[in-house]
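The listed protein sequences correspond, in order, to chains L and F. 1 is the number of the first residue of the first sequence in our numbering; add one for each residue after it. 1 is the number of the first residue of the second sequence in our numbering; add one for each residue after it.
No lab work stands behind these hints, which were simulated from the structure alone. Do not take every clue at face value.
In silico DSSO-like cross-links for lysine-lysine, where the CA-CA straight-line distance does not exceed 30 Å [said to hold, decoys possible]:
| no. | chain 1 | residue 1 | chain 2 | residue 2 |
| --- | --- | --- | --- | --- |
| 1 | F | K48 | L | K273 |
| 2 | F | K86 | L | K712 |
| 3 | L | K430 | F | K48 |
| 4 | F | K48 | L | K277 |
| 5 | L | K712 | L | K634 |
| 6 | L | K634 | L | K654 |
| 7 | L | K893 | L | K654 |
| 8 | L | K634 | L | K846 |
| 9 | L | K893 | L | K846 |
| 10 | L | K657 | L | K634 |
| 11 | L | K925 | L | K911 |
| 12 | L | K911 | L | K846 |
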Amino acid sequence: MNGPQAYRLETGGFIERDRPLTFTCNGQRFTGYAGDTLASALLANGVRVVGRSFKYHRPRGILAAGVEETNALFRIDSGVLSVPLVRATMQPLVEGLSATTENAWPSIGFDFGRVLDFTHWLWPAGFYNKTFKWPSWQWYEGLIRRSAGSGRLPAGQDASDYYQHNLHCDVLVVGGGPAGLREALAASRAGSHVVIAELEPRLGGRLRHDGGEIDGMPALQWLERAVAELHHAGQVRVLTSTTVTGYYDHDVLVAVDRSNADDPTRPVERLWKIRAKRVVLASGAIEQPLVFANNDRPGIVLAGAVRRYIAEYAVTVGRSVVVATNNDDAYRTAFALHTAGIQVPAIVDSRAVPAPELTREAAARGLEVIGNAVIVDTTGTHGVREVEVRALSGDGRSLTGASRSIRCDALAMSGGWSPAAHLYSQAGGKLRYDDVQACFVPDRCAARVSVVGAANGDFGRPLAIRALVRTPSGPSNRQWIDFRHDVTAADIELAARENFSAVEHMKRYTTAGMSIDQGKTSNLSAMSLLAEQTGRTIAEVGTTTFRPMYSPVSMGALTAGINGDRYAPRRVMPAQSWHAAHGADFDDYGSWQRPACYPRRGETRDAAIEREVLVTRNAVSLFDGSPLGKIEVKGPDAAEFLNRIYVNNALTLKPGKARYGLMLNENGVIIDDGVFACMAPGHFLVSTTSGGAERIAMWMDEWHQCEWPGLKLVIAPVTTQWAVLTLAGPRARGLLASIDSDIDFSAGAFPHLSFRMGRLAGSPARVQRVSFSGEASFEVSVPALRGESLWEAFMAAGTALGIEPIGVEALMVLRTEKGFLHVGSDTDGTTNPYDVGFGGVVDKKKGDFVGRRSLLRSHDRRPDRRQFIGLEPVSTSDRLVAGSHLMASTGGKRRSEGFVTSACLSPTFGKSIGLGLLERGFTRKGEVVTVFNEGRSFEARVVDPAFYDPAGERMHG
Amino acid sequence: MMQLPCPYCGVRDEDEFRFGGQSHITRPDLNCSDAEWADYLFCRDNPKGVNFERWLHAFGCGRWFNLARHTVTHEILACYRMGEPKPNVTGGAA
């Protein structure tokens, strides 16, 4: 065997030898075949070093053949995809694929990071908790982080397509090996709707490489028939290349399907959300490594994987392969190697007396069996070339006799098998430790799940395992437990010494089992060693909690199309196209797209906002307030209901009148404000803040349904059914009077805080005199579909009056000038009605309302609470900024006594003004306080919040 | 994802519903002590076992109702309308 693919066997395997493929790995070109994985193709080409370890940057080779692979991680570039941290064993070979190792510099063959291996005693588990602290840990953090890590995030957006499906079935079978296929066939023959999910590209599991017989016929023949029957059965769905990654409540499982990953016209990954009446877990078992010094070298491979590479891919991991084992199963690998013509210098068996039929067959093949012996150490940095063997003492606690060196170029090791019971545990299943098989097996479970086959600890024939925690000699800081995170036996010993003896603490302190492989080949060793170190049984130590995902899942699959523009619904207002056509500068206000302002050509935002404020004060402005929350409350008990929801009295509100109200939660904190109007006896229109529209409707519904179901009323949210156009300014009334209507807009007939219904410009209309700006203001509501045409009518009628549209930002400046609070900006999670000057309304109210009892608490009435005030900088060159702290200017202790909650540069007054919450604020008007923000301070005077028109003459005019 | 029974609509997926916390809490009247009021505002049962709780079928009929749910196994032991008394359910499967 020489030349390209020197390690490819001449016959055998399921690869397609008539379809050669070329690929690149770390810049070098190779060939393989269709049917290869990247791992089998690399091994066929004799590539030994496929990665560098996480911490010490030691050269590493392929360890396994399946999902448990932990060393061979590459960035794969294939077509449009660039995906980091792909396990070479799970990557089907495709033409033109490029694989790159991302954590080696400058190259995988020569990595400067290896210096960490040469100084390894400086970097035990948790070293960063104890060292690199002076003068500041932040000096070192960047360097430490950069030298660890396994891959880099690709630049740019993920342009791949993903999809999600829902699936219901009678039986979900997880795993397409012999046990799973049996279950699927039985369920299918019984008429059930079956889904069988297999994470490899083909059904079969161990049948594809372990040979033997089932039901009296050769395994492969049985497999062919079973697959054909399942594919032809009408009610069976076969999912391959599909990993079931999580078991969720009420028997919902999630599976990631990569069967179309190579087809650019199909989604690269699909997520199946499967609800099954019954679940069968046939997920198999994962072979475990042996723990001895330098057990991580390239060329040291799990024994089951070695024979899988021979049988499925016609690849041998070496030309001279030593087999080391503590159980019967690995003998199959020795015999498979021998049958393929590969030299097996020795079978190193830790059991004193291996099974007679195995030793007989080994002898017949001329293979030496060294019983009662273990591997002590290995040599060969870029590929194992020699192993050291010694005999065990009788109790297995020490070594005896002379050591013996055996030359080889690969080592097949088996430390036993551990059931892949992850999904079972996620379902709430309990595990128990089986002392005979030296592994955790399913015990009992509440969900409708059963476990069969190797996943249930049924390995076919007994393993006759002699479980040793590790070779009882050799520096423990060179005995690897977790290959992925470079955790050695010494790290587990350290954890135990430092009393991280609970298994969950040991895991986090050492990071064993925390990486991409989630401890598939390390958890059992780690727990066994922890048990030994802390004088407990392995059963007493237990396992860490299993959680989804079983193996990595792309973010794209989880979000499957719900991103970008489709992440959240966006709402637009009825006059949207008019706003867009007239230069509106849109912002997102909650989920609504609204004009922040309407800058003219060449105008900055600030200049536009200033102009819009002044046109409202001096002429007339038009504002789109359609997102304003509107809820109709109607019924004989509507007034009584609102009287219990609002701080204000609702019983005395007469038809045609409106009132500004506060709503509290049961803790007495303001949750919303707005005007509520009486349309007719027993019929009210409640306005909420735009952000509170849905929340307050639900709040009302909850109180009605749960606490006061005897009250007779209906609660009808109508927010999106009505467009709201607000005309404000001294010329607003004149404009409305010029529009065709049956409503009398004259001053005496339509005072502030009134409500009228009628027709306007040919449309049904509801009009309220409500003001947020402080000018005479009319909120005109028409059915939403008429909103845009009414907007145009107002703009046309107002041209001669100087009308201009204004956006949200100008309205916020106007209301700040007026001192009107904005719930959520000027109030926080502690602000009650007393704090904002509503005490009089509370005290006059009779009867209970939501939050009233809380206002009776002494804490709610303290005079030193933060109270709502206005602020003006003493110097005209200073600017108030919301969020700044307020402090007493004199007196010893400087502490924050409140903060600025709103601020603007007022066009009306030509200076900076603001609003805030300040301890004892009501009694401190006139006092000069210090405003502190990001290291700077200046002085400001506490004033009444109503800067503009405190008597309200403009508003009532 | 759980499947929850709505007394009006039948069994539906969990994401149609909104959780409403402990059920059968009596709202004290204005004369209660500060301690009673604080208990009503802030203290809730947290059983490892059967929990009687309110749910809203938000993306469905919009009605509030009650469930008895085992907080470890998520087994639903009872489903009844808002305002009906707490049913007698035993502990549920271990």
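Do the hints match the structure? See the list:
1. F:K48 / L:K273: Holds - the C-alpha atoms of K273 (chain L) and K48 (chain F) are around 28 Å apart, at most 30 Å.
2. F:K86 / L:K712: 25 Å, holds
3. L:K430 / F:K48: 17 Å, holds
4. F:K48 / L:K277: 26 Å, holds
5. L:K712 / L:K634: Roughly 9 Å between the alpha carbons, so the hint for K712 (chain L) and K634 (chain L) holds.
6. L:K634 / L:K654: 14 Å, holds
7. L:K893 / L:K654: Violated. K893 (chain L) to K654 (chain L) sits at ~52 Å, over the 30 Å cutoff.
8. L:K634 / L:K846: Roughly 22 Å separates the two Cα atoms, so the pair holds.
9. L:K893 / L:K846: Not OK: K893 (chain L) and K846 (chain L) at ~43 Å, beyond 30 Å, violated.
10. L:K657 / L:K634: The given pair, whose Cα atoms are some 16 Å apart, holds under the 30 Å limit.
11. L:K925 / L:K911: 19 Å, holds
12. L:K911 / L:K846: Violated, at about 43 Å.
The structure fails hints 7, 9 and 12 (numbered hints given earlier, in ascending order).
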